[in-house]
Amino acid sequence: MRKLLVIIILSMVLILSGCIRTKIIDDIQLVLMNGYDWDPVNDSYIGTAVIPLYGNSEESNLQDDVIYHAESNTSQNIRNKIQTKTPYRIETGKLLGILIGEELAKKGLEEITLGISENQDIGRGLYLAVVKGESSELLSQDYKVEKNLPRYINELIESNMERNFPRTNLHQYFYSYYGEGMDPFLPLLAHTKTEVYLEGLALLDGDKYVDSISFDELFIFKMLFEPNDSASYQFNWKDKDTFVVVSAISSTVDRELTSKEKINFKIDIKGTVTESADVKIDSFEVKGELEKAIAEDLTKKAEDLIARLQKENIDPLRIGAFHKSQTRDWKKKEWDELYPTMNIETELEFKIDQSNITE
Amino acid sequence: MPNHANSDITQQVSPFLIFFIIHASQVGEGVLSFERFIAEKAGYDSWISILLTGIIFSIAIFLICKLSIRNNGEDLIAIHQSLFGKYIGGFFSLFFIAYFFLITMTVIRSYIEIIQVWIFPDLSVFLFSLIIFILLLYYVLGGLRIVVGLLFFSIFTTTFLFSFKYVAFTNGYFSNLLPIMDHSFTEILQAVEPMTYSFLGPELILVYAPFIHQFQKGIKWAIIGNLFTMLVYFLSAFAIFLYFNEQQLLQLSWPTLHMWKVIDLPFIERFEYVGITLHFIAIISTAAIYYWACTQSLFRLTGLSFKKIATAILIISIGFSFFIHDFLVVEFIMQKISKVGFYIIVAYFPILFLWQSILLGVKKK
Chain A
1 MRKLLVIIIL SMVLILSGCI RTKIIDDIQL VLMNGYDWDP VNDSYIGTAV
51 IPLYGNSEES NLQDDVIYHA ESNTSQNIRN KIQTKTPYRI ETGKLLGILI
101 GEELAKKGLE EITLGISENQ DIGRGLYLAV VKGESSELLS QDYKVEKNLP
151 RYINELIESN MERNFPRTNL HQYFYSYYGE GMDPFLPLLA HTKTEVYLEG
201 LALLDGDKYV DSISFDELFI FKMLFEPNDS ASYQFNWKDK DTFVVVSAIS
251 STVDRELTSK EKINFKIDIK GTVTESADVK IDSFEVKGEL EKAIAEDLTK
301 KAEDLIARLQ KENIDPLRIG AFHKSQTRDW KKKEWDELYP TMNIETELEF
351 KIDQSNITE
Chain B
1001 MPNHANSDIT QQVSPFLIFF IIHASQVGEG VLSFERFIAE KAGYDSWISI
1051 LLTGIIFSIA IFLICKLSIR NNGEDLIAIH QSLFGKYIGG FFSLFFIAYF
1101 FLITMTVIRS YIEIIQVWIF PDLSVFLFSL IIFILLLYYV LGGLRIVVGL
1151 LFFSIFTTTF LFSFKYVAFT NGYFSNLLPI MDHSFTEILQ AVEPMTYSFL
1201 GPELILVYAP FIHQFQKGIK WAIIGNLFTM LVYFLSAFAI FLYFNEQQLL
1251 QLSWPTLHMW KVIDLPFIER FEYVGITLHF IAIISTAAIY YWACTQSLFR
1301 LTGLSFKKIA TAILIISIGF SFFIHDFLVV EFIMQKISKV GFYIIVAYFP
1351 ILFLWQSILL GVKKK
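Residue numbers (this note's numbering), protein chains in the order written: chain A, 1 to 359; chain B, 1001 to 1365.
Keep in mind the hints are simulated off the structure, nothing from the lab.
Hints may contain errors.
[Claimed, not checked] Straight line, CA to CA, 30 Å or less: simulated DSBU-like cross-link-like pairs of lysine-lysine: (1) B:Lys-1041 <-> A:Lys-260; (2) A:Lys-240 <-> A:Lys-292; (3) A:Lys-262 <-> A:Lys-301; (4) A:Lys-106 <-> A:Lys-292; (5) A:Lys-262 <-> A:Lys-351; (6) B:Lys-1307 <-> A:Lys-3; (7) A:Lys-107 <-> A:Lys-262; (8) A:Lys-3 <-> B:Lys-1308; (9) A:Lys-311 <-> A:Lys-208; (10) B:Lys-1041 <-> A:Lys-331; (11) A:Lys-147 <-> A:Lys-238; (12) A:Lys-208 <-> A:Lys-301; (13) A:Lys-147 <-> A:Lys-23; (14) B:Lys-1041 <-> B:Lys-1308; (15) A:Lys-332 <-> B:Lys-1220; (16) B:Lys-1066 <-> B:Lys-1220; (17) B:Lys-1041 <-> A:Lys-333; (18) A:Lys-333 <-> A:Lys-107.
Make the full structure from the sequences, and use the hints.
Pasting the structure below:
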């Protein structure tokens, strides 16, 4: 009896292993990056899929990508249309990023992100980004990059997140899209004929792209949003008519609800200043003067940024979520009315840590 | 062949193993999805409900053990018979047998659903449940000792998998949980009911009690096992609540799997595939102990051959999975069964305990 059972189980294993569709790496095509655009003339989506071209040998050049385009009225159908252009099955399990064209981002990402969240193949650690112009154009061009383009864009965002760029990925997008008292933000990519670069941060109202933050302001945003450990900032010292670069900045941010309508941001920053011919830090006085000047400058810029976000009624800094966590019986409706007139102040302390290595 | 009727020392297990039996029979499919059900009722204060449910179950376990001890360490069938007589008691026992059977079915079926949704969309439910049930039959025919051996190992996989919730503590937001006690106490109590489904398992004590060597010593292990489960659920829910905000959580069917999606190890692109596959052991062990309990109770009730009963249950379960394709039906059964389990724990056993106390008091006089 027991032997019979063992034989049945073993034969089942053999028979049943053939019952499920296999995904052999040679017989599928792995999409590394997807792009979506909106075509207002035909009222349809344009999808782009970048698939690396693996040759027969290990030495074959990994820079070669195949790029497929397809146009369809629904985002789900794009994959089926792309499938008609290649004999191999298209698999999205290795997707590194999804780029959204400016036009489509202004129209709203909801339909695209719904399709993504329903697809169990797609991870949550990948990057969703908005592209200045059209994503199909960015993905189709030839650039001089070391790796293939999807991996290049992926690492571009990743390495910048360790510096001035706030933490973002698909999970973070869903987090702030669904969450109450917050709005999502995404990396904003742009390109010229020869290079792809991070232009800044795209700010979204719900799922619609409404505004952007340029690279120069990114540090202000990051400082208000989360703790830093290696950001940098260029300070324009107007009194002395010179520029000072503060690097290796580490900062912490603390929020405080002082009354129902007042929030204080308490920010502590430590940074390294590289001396130059114009700026010599040789006495406590100069050091104090510089610290104060930078702190004043940052405070003003931070308050300007918050005022701008309040005016546009978007909340990428998740101030509403903070307010919710400090208030009992928090109502979204009340908060929506309160937010534009909310009194939000910044207290900032700046300390210069060390100076440079040569005298 | 093991002797299922007489529980002599060669058939028994040590009392401390109840710890593993309790924990493994509690942790099943529910651990992947329970957070959403409780958050629907009491939002992010529902972690209090988990602690409450754990305490309620500890009391229930104490009552259940006392029920058996006061009846000379006998099982549910004997207790029913001595309290209600042969026919009414037999009817109650049959009800429990049906309950054990349905739990076995829903646990296996809902795991197959996860595999279909996440890994193999074209998996055949019938063939896969055939494999699982033949495997279960193999365990059950081996007797309780073999089943307990399986349960013993399942605790290591679930604890290992549970440790991968660490991402929430590095990437999550503690402010999600604030303000504490923003929900009313009634709402928190309401979340106890959906939580019960994940805590079910201690009712089986009454089936395997005669197989525990020095059963009285096992009570403390049973309660410790239950508290350990409570701790695992508490930390799981805590992790999920830090990682997702409330509105986002309500969109997800299996929050734990969604969280594993961001774990990226050097040798595997995404962790949920490892997680789902390893979770198989937890599922199998929960199903195996319920399958065993179902067979054992029926065997004690009817006196038919143990092997024949086990095989008959196998055929019925496979027929069940062959005819019910629609997962909505399974989900419906699951909701009902979790309600039934809730009332068994919070109402039926206490009443049974009281009834037994009254009868014992009458007899003494």
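Comparing the hints with the structure gives:
no., hint, result
1, B:Lys-1041 <-> A:Lys-260, "holds (28 Å)"
2, A:Lys-240 <-> A:Lys-292, "holds (14 Å)"
3, A:Lys-262 <-> A:Lys-301, "holds (19 Å)"
4, A:Lys-106 <-> A:Lys-292, "violated (40 Å)"
5, A:Lys-262 <-> A:Lys-351, "holds (26 Å)"
6, B:Lys-1307 <-> A:Lys-3, "holds (15 Å)"
7, A:Lys-107 <-> A:Lys-262, "violated (34 Å)"
8, A:Lys-3 <-> B:Lys-1308, "holds (17 Å)"
9, A:Lys-311 <-> A:Lys-208, "holds (16 Å)"
10, B:Lys-1041 <-> A:Lys-331, "holds (18 Å)"
11, A:Lys-147 <-> A:Lys-238, "violated (42 Å)"
12, A:Lys-208 <-> A:Lys-301, "holds (25 Å)"
13, A:Lys-147 <-> A:Lys-23, "holds (25 Å)"
14, B:Lys-1041 <-> B:Lys-1308, "violated (44 Å)"
15, A:Lys-332 <-> B:Lys-1220, "violated (48 Å)"
16, B:Lys-1066 <-> B:Lys-1220, "holds (12 Å)"
17, B:Lys-1041 <-> A:Lys-333, "holds (22 Å)"
18, A:Lys-333 <-> A:Lys-107, "holds (24 Å)"
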